[in-house]
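So the chains spell out like this:
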Amino acid sequence: MGLSGVGRRIEPSTPGRALSAIDNRFTIHVATVNGSGSQTANTTLLRALFQMGIPVSGKNLFPSNIAGLPTWFTIRANDQGYVARIKRADLLVALNPETSVADIAAMEPGSVLVVADGLPMPATPPDRTLYKVPFTKLVEPLVADAKLRKLVVNMIYVGVVSWLLGIDPSEVDRALVAQLGRKPKALEMNRAAVQVGIKYAGEHMKRTPFQARRADRTAGKILIDGNQAAALGALFGGVTFLSWYPITPSSSLAEQLEGFLARYRKDPKSGKATYAVIQAEDEISAIGMVLGASWAGARAMTTTSGPGLSLMTEFAGYAYYAEIPAVVWDIQRIGPSTGLPTRTSQADLLSVAFLSHGDTKHVILFPATVQDCYEYGMRAFDLAERLQTPVFVLSDLDIGMNTWMSQPFRYPENPWDRGKVLSASDLERVKKFERYRDVDGDAIPYRTLPGTNHPLAAYFTRGSGHDEAARYTESSEAYPRVMDRLARKFETAKTLVPAPFIEKAQGAEVGLIAFGSTHHAMDETRDRLRTEGTPTSYLLLRAYPFPEEVERFVRGHKRVYVVEQNRDAQMAALLRMEYPELAPRIRSVLHYDGLPIDAESILKGVRAAERPSEVTTR
Amino acid sequence: MGLSGVGRRIEPSTPGRALSAIDNRFTIHVATVNGSGSQTANTTLLRALFQMGIPVSGKNLFPSNIAGLPTWFTIRANDQGYVARIKRADLLVALNPETSVADIAAMEPGSVLVVADGLPMPATPPDRTLYKVPFTKLVEPLVADAKLRKLVVNMIYVGVVSWLLGIDPSEVDRALVAQLGRKPKALEMNRAAVQVGIKYAGEHMKRTPFQARRADRTAGKILIDGNQAAALGALFGGVTFLSWYPITPSSSLAEQLEGFLARYRKDPKSGKATYAVIQAEDEISAIGMVLGASWAGARAMTTTSGPGLSLMTEFAGYAYYAEIPAVVWDIQRIGPSTGLPTRTSQADLLSVAFLSHGDTKHVILFPATVQDCYEYGMRAFDLAERLQTPVFVLSDLDIGMNTWMSQPFRYPENPWDRGKVLSASDLERVKKFERYRDVDGDAIPYRTLPGTNHPLAAYFTRGSGHDEAARYTESSEAYPRVMDRLARKFETAKTLVPAPFIEKAQGAEVGLIAFGSTHHAMDETRDRLRTEGTPTSYLLLRAYPFPEEVERFVRGHKRVYVVEQNRDAQMAALLRMEYPELAPRIRSVLHYDGLPIDAESILKGVRAAERPSEVTTR
Amino acid sequence: MSTPPQSNVNRIGLTAADYKGSKSTLCPGCGHDAITGSIIQAAYELGLEQHKVAKMSGIGCSSKTPAYFLGRSHSFNAVHGRMPSVATGAHLANRELIMMGVSGDGDSASIGLGQFCHLVRRNVPIVYIIENNGVYGLTKGQFSATADVGTRAKSGQVNEMMPIDLCEMAIQLGCGFVARSFSGDPKQLRPLLKAAFSHRGTSVLDVISPCVTFNNHEGSTKSYTSAKEHDAPLHEVTFIPHFESIEIDYAPGESREVTLHDGSKIVLRKLEEDYDPTDRMRAIDTIERGRVDNRLATGLLYQSKGNASIDEDLGLVDEPLASLPLERVRPPREVLDKIMASLMTGGA
Amino acid sequence: MSTPPQSNVNRIGLTAADYKGSKSTLCPGCGHDAITGSIIQAAYELGLEQHKVAKMSGIGCSSKTPAYFLGRSHSFNAVHGRMPSVATGAHLANRELIMMGVSGDGDSASIGLGQFCHLVRRNVPIVYIIENNGVYGLTKGQFSATADVGTRAKSGQVNEMMPIDLCEMAIQLGCGFVARSFSGDPKQLRPLLKAAFSHRGTSVLDVISPCVTFNNHEGSTKSYTSAKEHDAPLHEVTFIPHFESIEIDYAPGESREVTLHDGSKIVLRKLEEDYDPTDRMRAIDTIERGRVDNRLATGLLYQSKGNASIDEDLGLVDEPLASLPLERVRPPREVLDKIMASLMTGGA
Ligand SMILES: Cc1ncc(C[n+]2csc(CCOP(=O)(O)OP(=O)(O)O)c2C)c(N)n1
Ligand SMILES: Cc1ncc(C[n+]2csc(CCOP(=O)(O)OP(=O)(O)O)c2C)c(N)n1
Ligand code: SF4
Ligand code: SF4
Ligand SMILES: [Mg+2]
Ligand SMILES: [Mg+2]
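Going down the list, the protein sequences come from chains A, B, C and D. The first sequence finishes on residue 620 if you use our numbering, and the numbering steps up by one all the way, no holes. The second sequence finishes on residue 620 if you use our numbering, and the numbering steps up by one all the way, no holes. The third sequence finishes on residue 330 if you use our numbering, and the numbering steps up by one all the way, no holes. The fourth sequence finishes on residue 330 if you use our numbering, and the numbering steps up by one all the way, no holes.
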């Protein structure tokens, strides 16, 4: 597998300058209300910029309810390719009376404010440009139906913003068509609304100092969210079984996968399904079904988030000990218990690594990009079936549900790896089968599938004590023998999981380690540090257990900062467990307020930490 | 709380000599069949020795079924007070045809073998003393009924063994009376059987070289198992609510507690129950009921083991985050999943410490002795209610179900601590109540109970985002604020949990750390190491989070060996996480075959590890 | 829900407004908000003392609603599907609490089915309200286990599986008060709610409560229109609380009267056919037939004095366990001495 | 169980002995061992091909028994109470497997009640046997949720709670084959077992199976004696497999014939009163009445062609999903290209 998008970074033209807006380097912040249908409007702006060749990312900050609560959408355009979250917004569109005062107060000098007429306002200093727009009045002539107005009004701000930023109207239109092409009436109405906005802006405003200018940074790239990418990976990875229980932010993975399957996985001859998707009654059942299906030979997966993961604990231990493949996607949200279901985090790491009572260790993949999601969507199955153990893929809400730019995904070059499965004819050849015997010295045993027509095929699968021949035993020799082999199998895993992505800096004393969505803030962070005179090496962790390169990297640097989005420095803890002798040099930069991590926060953390003392940023 | 039996050790008369049998220093091994009722016989021997003033311990090694499989019972008599398991047996009673060959083969030179006539036998070298006893013939004249015979026959070996070891017959009789006093007919029958055994031995055998001699080492002591001790602790701790789901080896805690409650906790006036015990439908329900009861003001607890613990994962996170007291006893057995339900281990540590998704850390107590079980039985409630968080008590099968010698338990001198609960009158006084506000600076908030008749009392308990006033929020300021306070509360916990027991050795470079049942093998280990010229300091961990003394201890020694009964060096991992700078000096001695750890194994481990390289012993 | 004028106070001097909670964050028009209204009105009319009430719920839009009524009651918003166990513990800790449970069809029939059944089996005293919309609202409209055969989701999927009928299950499990109603029919829902509070033991109310956002479309069998269409009231329900002595006289044979645990009465006015809610088999039969001819029987489906409630089974002291003083829960020193003596047989 | 002489082989040339597993480690006399015997005999008489069978179970003495029969079949001994979900997954991965589930009353009615109900609701094709002894055997005799009211445990405790009747639940949840029997009555159990294998969809067999060690004493309602006393057979059951053409002729009106999915037949010989197992309400009624007058109706309680099974609902291809080759589960390159194109609107 390639680097899956990681590190294919665009060299910054002028490194370091990322915080104040200039052409092709600005952030749009839209404050609106949940369920008001601003999604299309925001996507239109995002796509228009993207189509102009400017790197962009879109982040949706939504509440845990269905309608009526505050929502924010942030579009970052950055010609340096910095697409992580940035706190500072340069252009605000304020439509929500509940939050307008705070939204406006948060804007910094030099920013531009587009505020719906009549919203509550704080006093705004002169060094911000303020425009009040009578959206409701403007929309009236366009639509009669009140419900429709609520939706169409959003397109007016698209017009306004595009004019302010000098976004090519033809690109706005292309973006509109891409979304509403199939609904001509809606398209017309929205087109009209955009025009109204453009016209109004032209008459009442002046262009912003930071403009959108055609560039060539997005040619041939796609826009996609991580859950959809993961669904595509599973689709082309040949998934045959999905059981899941709805939970934010993982539902969209299961639902998009089900959509793809229904469309592309009906048998051409019979029109019947080459897959089974089951909505389970809860997550205990979801993982139970996955184990049953994997045991019987299906490529089975489930998707969940924190609370569901916790419910899978007992079965996770069973799968580890009875050695049954399984793929579990955990799209992380923040908090113990229900927490904040629509906020992101990386705080399930320790609980996943040791999920289940008893001595248990699990293989984990850390997708950092949408391309990782796609490739791990396939690879997780290969690893699970090769290693005969559950493989957990630790994504998060930021990767999973937000919109990212990426190289288009590559069609898999090689076939799948279904691991060590003995068919009836294999059994005929080998003459001997013991389910839990380490025949090849890699600590991975062979298995047979139920239904295999051979007298040697059958064996008894159990979570209780068993020996190499899968016979029940309480022997104090057999038990540790099995457990030691499982430990060796974990060593084998180190050689099979994706290697870390490493970027060394000449003579750097400081190493930075990150995983998952945190990766996107690292380029920006390192460029800034470099300009500040602190060159840093970088290692992106892509799997647990850690391949040996990780130890070499830590050994190679005096101080290593592990940047992660949780309170308890969970990845640092795993590294300290793995490398006790190196533990003293491992430090932490932590971020856990539920919003995606940003470079500024990391910089604060690293700077502060260079005066030794672990620091928490927010 | 005192040292609860820890360290009140008897100075060895001749340190180090523990492996070959001499007077008052021998081990009896009885191999029989599950369900054959040998329990009474073994207890009789154990008590008789105990009554003679000789320190003893009894370990029952039983299978995970109800009847018909091999069982072993080991009685260790040791005047030095070494009561941990010892591998070498000096006197074998072999009654099980299924295992006799292996049982006999395992015996070492100088040992004495009492074998039921007609059992399969290996060739036994001359340096073992072998007696074949026609038990079945001997029992015939005693009892007519075949079913009864199966039971009574056991008393014959009691007679034989007591004669061989020179155990005072009057003590054997006292022990019999203590158990069967209430059943005169049974008593007579068993008395007769003992006599038959004594007579037969007297006629056909000669006394063993290692004899039982009256001593004064058990005066005023009691014999009890840890689960019963824990039940007593809960009883006197004022438990009012127990919900549980049956699982070995924790069931006997719940059942003995229910017995005590039924007997001692009926209201004198009304005769009604001052407690509620519920057998839940599973462990999710059991912990859910505990949270509901604690929330409403009861002193609530549950008991479980590995698989049940795993099912409590989601609710554990809820209790941590919503700050609800709960006491959970985990009587550890070995294995992920079902594993070996009747074998001991200390492998649930990591999963308990981080039980639940998200950033979660739990308070854990580690009882090492039956007296700890008793005192933690009370104290766990005080801690849970004071800290408003679940407190896990990590016992194991060895402490919980085996028979231990102990000082009698002390009646609690002080009242209970019910923590920060505001009554209606308190509210009237303080005028202001915010459920999650840190008023006292110890990060512990105040709570009110449902039913409190005051307009300020009510609040909303939830596992979702909340602020200091318990209002729902998704604020990115409020969430980390709450999580940081919880982290500070964990710091407060360090000052409230039981301090470690420490025994320093002059100028020792090597420190040993243990917890739980492992403690009992440490005296023996350290005495042996000392005689070998390696003086060692010792720290018994009694709680997580670790009080500061722990760090000082680790800092104070060049090499620190953490001795534990699991594969993954789980306590060492926790210590390395806590003290990264000290991680390099922390090493592991591991034991995980399901049998209680013994000094010999630890010695092997430490010796080997002194040549640096982590070693696994079995 | 119409708030009565200030003057209009109940027997403990509170207005209906006093029984409100914080502002709802549900979708405008959600059936759950209508049920909240009926709960507020019922509590007001009964004159419930809010500090004695414990509001329990699981997770879901429905389970959020306890925040929107009885703002002066303690509330426990548990994890998904596990509220019944929490409620059981809370009740046993303080049997004086008036327990109220609010759950959804996903919360109680899907993930929570086991706990629901065991709560009913234990006969935990609680008014257990299921706000039944046939979907998972909060996670955007997937089918729940109460979705009817043939119902079409917004996504277009059609449900093939038989719905779980929690009322029928409750009856089978020995529940002594089982009713079904519709969020859109407060005239029927309120008296049933009030009556439930007078039942000693578990009372189950399954209330059809349309999800206007995800399950109110053509083809959905839990939409307002469809619910209205198939709603088949068994009788007209009137509740007469023990603290009021109203006389209602119907022509003989026109109505039935059911007396509840605390002396309150339910008067059921006969509609087309006579229905005897104390006939267990008849109740099950009615639900089963309803399935066949697609009629949703609403009203008081089944009522009986029923079995002892769990706190009675356990023979608890009258006072809340939670408030027993130390001296009543810590046995005297002699008890420990006695036990120690029995374990102490050491020699010398 | 009596092993027939070597000569005696079934239609695929195997003897009953060939259907044995490893030696039982249960208590001598345990009802579960008797059921194992009936299973072995039934499988032998049906001539089941062992490699096609998947034996699923949970945790408990009962759940251990799959090790004691059909030694040449794959087996999955899951975690406690969660076998139904595992079985569901296994069936969907390979719909050609003949699924057998063995569980206990604790495993299915206590911890596993939710999964049991949802398996039945999904109509997963499986022969689901509950070895019902009213207690937790493996953990030494605590009550399970099927313990009858008033039954006394060895510990002396008396159960106050209503038992959960898994047969009634199954019927209510739409199960198409529901039978009850007694481990001590192989003459009735075997034909029912054999018939269950001919049903397409979930078939539930609740078999009373005394625990001789913990629940066979005076005062226990699940002891051999008590089970014998209250056993009230509904009819005499004979099974005629599709591969045999036996003619049984009873005088008209004396018996009923039920034809199963694969053409096999069950002949039910009338006892005192006529019982129609295709009448759903009658079945529920019979169980309910049995509770009241303390008679345990055994036999084929309910049978119907029933709803589509889950694999039919999902419209799966005929072959096992498990064995589909890569080219049938990985869409062609064009599909990916098409999708990428739709996402690719980048400029320049
Ligand atoms: C363990 C767990 N799994 C999944 C979820 C996600 N979740 C939240 S609410 C809900 C379903 C709610 O449906 P229902 O109970 O019918 O309530 P409604 O929203 O329809 O009123 C789910 C699946 C969760 N919170 N916890
Ligand atoms: C999660 C979990 N909780 C508890 C147990 C302990 N346990 C093993 S078997 C069993 C009950 C078995 O009862 P039943 O299903 O009726 O089987 P029986 O032994 O009576 O045949 C229990 C509670 C377990 N193995 N797993
Ligand atoms: S999603 Fe449905 S159930 Fe939830 S609040 Fe909106 S309408 Fe009500
Ligand atoms: S304990 Fe009971 S159920 Fe278990 S094997 Fe023994 S008799 Fe059978
Ligand atoms: Mg719902
Ligand atoms: Mg049972």
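Derived by calculation from the structure, the hints in this document are not laboratory data. Be careful, since some hints might not be right.
Claimed, not checked - SDA-like, lysine to any residue: derived pairs with alpha carbons at most 20 Å apart: (1) D/Lys136 <-> B/Asn67; (2) D/Lys320 <-> A/Glu415; (3) D/Lys169 <-> D/Thr121; (4) C/Lys287 <-> D/Val274; (5) A/Lys268 <-> C/Asp261; (6) D/Lys320 <-> A/Gln409; (7) D/Lys320 <-> A/Ala264; (8) D/Lys34 <-> A/Ala264; (9) A/Lys268 <-> D/Arg310; (10) D/Lys34 <-> A/Gln409.
To be verified - If you only want the chain C side, here are some residues facing chain D, beta carbon under 8 Å, derived: (11) Val140; (12) Glu150; (13) Asp261; (14) Val299; (15) Asp300.
For glycine and all other residues, C-beta sits at the position ideal for the given N, C-alpha and C.
Against the structure, the hints come out as follows:
Restraint check for D/Lys136 and B/Asn67: satisfied, since their Cα atoms lie roughly 18 Å apart, inside the 20 Å limit. Only pairs whose Cα atoms come within 20 Å are accepted, and D/Lys320 paired with A/Glu415 is accepted, the gap being roughly 17 Å. About 31 Å separates the Cα atoms of D/Lys169 and D/Thr121, which puts this hinted pair outside 20 Å; it is violated. Between C/Lys287 and D/Val274 the alpha-carbon distance is near 16 Å, which keeps this suggested pair within the 20 Å criterion.
Restraint check: the Cα-Cα separation between A/Lys268 and C/Asp261 comes to about 51 Å, which exceeds 20 Å; the hinted pair is violated. Taken as a hint, the D/Lys320 and A/Gln409 pair is honoured in the structure, with Cα atoms around 15 Å apart against an allowance of 20 Å. At most 20 Å may separate the alpha-carbon atoms for a hinted pair to count; D/Lys320 and A/Ala264 meet this at roughly 16 Å. Our distance criterion of 20 Å between C-alpha atoms is broken by D/Lys34 and A/Ala264, whose separation comes to about 29 Å.
Simply put, A/Lys268 and D/Arg310 have alpha-carbon atoms about 9 Å apart, close enough for the 20 Å limit, and the pair holds. As the CA atoms of D/Lys34 and A/Gln409 are separated by approximately 47 Å, the hinted pair breaks the 20 Å bound. Residue-level restraint check for C/Val140 is violated (minimum Cβ-Cβ distance to chain D is 10 Å; threshold 8 Å). At a threshold of 8 Å, the smallest CB-CB gap from C/Glu150 to chain D is about 6 Å, leaving the interface hint in force.
Violation of the interface hint for C/Asp261 is found here, the shortest Cβ-Cβ separation to chain D being roughly 11 Å, above the 8 Å cut-off. A cut of 8 Å between beta carbons decides the hint on C/Val299: the least distance to chain D is about 18 Å, and the hint is violated. With a least beta-carbon distance of about 19 Å to chain D, the hint placing C/Asp300 at the interface is violated under the 8 Å criterion.
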